[in-house]
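Protein chains in written order, with this note's numbering: chain A, 1 to 145; chain B, 1 to 145; chain C, 1 to 145; chain D, 1 to 145.
Calculated directly from the structure, the hints in this document are not laboratory data.
Being a predicted model, the structure only gives us computed values, none of them experimental.
Mixed in with the good hints there might be a few duds.
[What the hints assert, rightly or not] Far from chain A, some chain D residues (derived; all Cβ distances over 12 Å): (1) E2; (2) R36; (3) A77; (4) G142.
[To be verified] The calculated lysine-lysine pairs, modelled on DSBU-like cross-linking and capped at a C-alpha distance of 35 Å, are: (5) C:K95 <-> D:K97; (6) B:K107 <-> A:K95; (7) D:K107 <-> D:K95; (8) B:K97 <-> C:K107.
[Stated by the list, open to error] Facing chain C, according to a computed beta carbon distance under 10 Å, are these residues of chain B, among others: (9) K87; (10) N89; (11) M91; (12) A92; (13) V106; (14) K107; (15) G109; (16) F114; (17) E116; (18) V129; (19) T132; (20) T134; (21) T136.
We treat Cβ as the ideally placed atom computed from N, Cα and C, and that holds for glycine.
Next come the chains, spelled out residue by residue.
There are 4 protein chains.
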Amino acid sequence: MEYRNPDAVARMRADFARQGAMASMGIAVADVAPGRCVLEMPFNADFSQHHGFMHAGVITSGMDSACGFAAFTLMEAEAEVLTVEFKCNFMAPAKGKRFRFEGDVVKSGRTLTFTEGRAVALAGERETVVATITATMMAVRGLKP
Amino acid sequence: MEYRNPDAVARMRADFARQGAMASMGIAVADVAPGRCVLEMPFNADFSQHHGFMHAGVITSGMDSACGFAAFTLMEAEAEVLTVEFKCNFMAPAKGKRFRFEGDVVKSGRTLTFTEGRAVALAGERETVVATITATMMAVRGLKP
Amino acid sequence: MEYRNPDAVARMRADFARQGAMASMGIAVADVAPGRCVLEMPFNADFSQHHGFMHAGVITSGMDSACGFAAFTLMEAEAEVLTVEFKCNFMAPAKGKRFRFEGDVVKSGRTLTFTEGRAVALAGERETVVATITATMMAVRGLKP
Amino acid sequence: MEYRNPDAVARMRADFARQGAMASMGIAVADVAPGRCVLEMPFNADFSQHHGFMHAGVITSGMDSACGFAAFTLMEAEAEVLTVEFKCNFMAPAKGKRFRFEGDVVKSGRTLTFTEGRAVALAGERETVVATITATMMAVRGLKP
Chain A
1 MEYRNPDAVA RMRADFARQG AMASMGIAVA DVAPGRCVLE MPFNADFSQH HGFMHAGVIT
61 SGMDSACGFA AFTLMEAEAE VLTVEFKCNF MAPAKGKRFR FEGDVVKSGR TLTFTEGRAV
121 ALAGERETVV ATITATMMAV RGLKP
Chain B
1 MEYRNPDAVA RMRADFARQG AMASMGIAVA DVAPGRCVLE MPFNADFSQH HGFMHAGVIT
61 SGMDSACGFA AFTLMEAEAE VLTVEFKCNF MAPAKGKRFR FEGDVVKSGR TLTFTEGRAV
121 ALAGERETVV ATITATMMAV RGLKP
Chain C
1 MEYRNPDAVA RMRADFARQG AMASMGIAVA DVAPGRCVLE MPFNADFSQH HGFMHAGVIT
61 SGMDSACGFA AFTLMEAEAE VLTVEFKCNF MAPAKGKRFR FEGDVVKSGR TLTFTEGRAV
121 ALAGERETVV ATITATMMAV RGLKP
Chain D
1 MEYRNPDAVA RMRADFARQG AMASMGIAVA DVAPGRCVLE MPFNADFSQH HGFMHAGVIT
61 SGMDSACGFA AFTLMEAEAE VLTVEFKCNF MAPAKGKRFR FEGDVVKSGR TLTFTEGRAV
121 ALAGERETVV ATITATMMAV RGLKP
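Bound-form chain A, shown alone:
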């Protein structure tokens, strides 16, 4: 896959920086490539559920952003990205020292982009996939906040 827009990564990082949610949750960009985005987050008890694991919605926030920005890297300069829908499976409790969120474009179209991703819990040497996502993203033009 290739960037369609030379400023794709710069635009993506600028948009990421404007997401209050990512900053509040402590999620940061780890890697970007055409059609791929990887985010990382340290464990944070402020975003736990009641057994002390990370909340499924927080894990989803990381996976959704990774997929949305993966899609965004392949969009044209004037397009914005919105999430149409996603489906998440939770295979294991989200416990770990850190979490990595990977998003990959499966198919990029003019309007719709299909993506998939996963959340990986990191604890020492051990990596555990705790959740997976498939997400459909839409390129929108002329979006007004």
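Following the hints, position chains B, C and D against chain A.
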């Protein structure tokens, strides 16, 4: 539907209170009934995405918790609830003064509970459904954090 | 909801009649209204799974068609409808004398239409929801087979 | 992954042979391995939608069966498999001479098994992924038809 456990609401509220994520996002319990849970959240720029709307993952956090606690109200005293999977659709940008998250049990089984829910944006008199969820919850026993 | 196209029902029924799958499975149109389509099917052992219930994929075929045609009733005259994605939950074994598939539009946009539906097993007086679907449909123009 | 039951493949093939739906649609077993099942189907106009492509529900039938039997290969001798839920994305029109349905186990638990799969259209040398699925399967004991 009826509670299977006389302490269901007290247990549910205690578990809710232990969720770091709900407190951090400003999500509170608005209503509980057998097989139903309603949560509410004021708009919070700390949890926005880059167009200033609430982040899809935050909207999902509210819907997931509403559905999980709706399922929990019908579980036996020794059971804990975990999210197996969910699917969310985002119909409209999540803009509003407040958000209401409704979760309802569709079918409650011994192991699995099917739920559905929605996120409603409130702005003055206007209510807009901005997202829907279907979620499968699992009753687990002997869960160790 | 209202038809955007005076020939919507006639076009929908003509398209339905061209679906080899619906004829082969014995699925027929029971009711059409703006943003709604109801199909019906008698139990058919030729489309069972190995416990003798209707196959989940066949139940899905009925729900997908009901949702797709519900979306189609609200589309413009030159548009065709394609399924982008769907999510199905199976709450009960699909056993019954007949099955009813209901599809309803939740939100109709120019490009994307959000729908939801269900499959109901009928046996004498008893009606049981055996499955639910949420489906995203896309209006496409200039589609070539 | 390893079979937990020495008769897993024989049981799987016997159950497959009892599925009326697979025979009617012309879907056959191409390959089985622990945690994996591959099915194949020639194009069949009897199961088309109205543009002449294979119906999304039929493509789903193949993917669901591939995933269900992949899960079944890892189950204990007394367990039966039922589909709890699935999510399917349709990336490209299902046109081709033949279709291959691949199902793989992602995580196998005592009660729930997470699977993923895809439908590949074959036309001469060309292979196109036309759809993907994530499906949750449940092991049930003592199921009565």
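Hint check results:
| no. | hint | verdict |
| --- | --- | --- |
| 1 | E2 | holds, 19 Å |
| 2 | R36 | holds, 17 Å |
| 3 | A77 | holds, 25 Å |
| 4 | G142 | holds, 26 Å |
| 5 | C:K95 <-> D:K97 | holds, 33 Å |
| 6 | B:K107 <-> A:K95 | holds, 29 Å |
| 7 | D:K107 <-> D:K95 | holds, 31 Å |
| 8 | B:K97 <-> C:K107 | holds, 22 Å |
| 9 | K87 | holds, 4 Å |
| 10 | N89 | holds, 6 Å |
| 11 | M91 | holds, 5 Å |
| 12 | A92 | holds, 8 Å |
| 13 | V106 | holds, 7 Å |
| 14 | K107 | holds, 5 Å |
| 15 | G109 | holds, 9 Å |
| 16 | F114 | holds, 6 Å |
| 17 | E116 | holds, 8 Å |
| 18 | V129 | holds, 8 Å |
| 19 | T132 | holds, 7 Å |
| 20 | T134 | holds, 6 Å |
| 21 | T136 | holds, 7 Å |
Hint violations for this structure: none, all hints satisfied.
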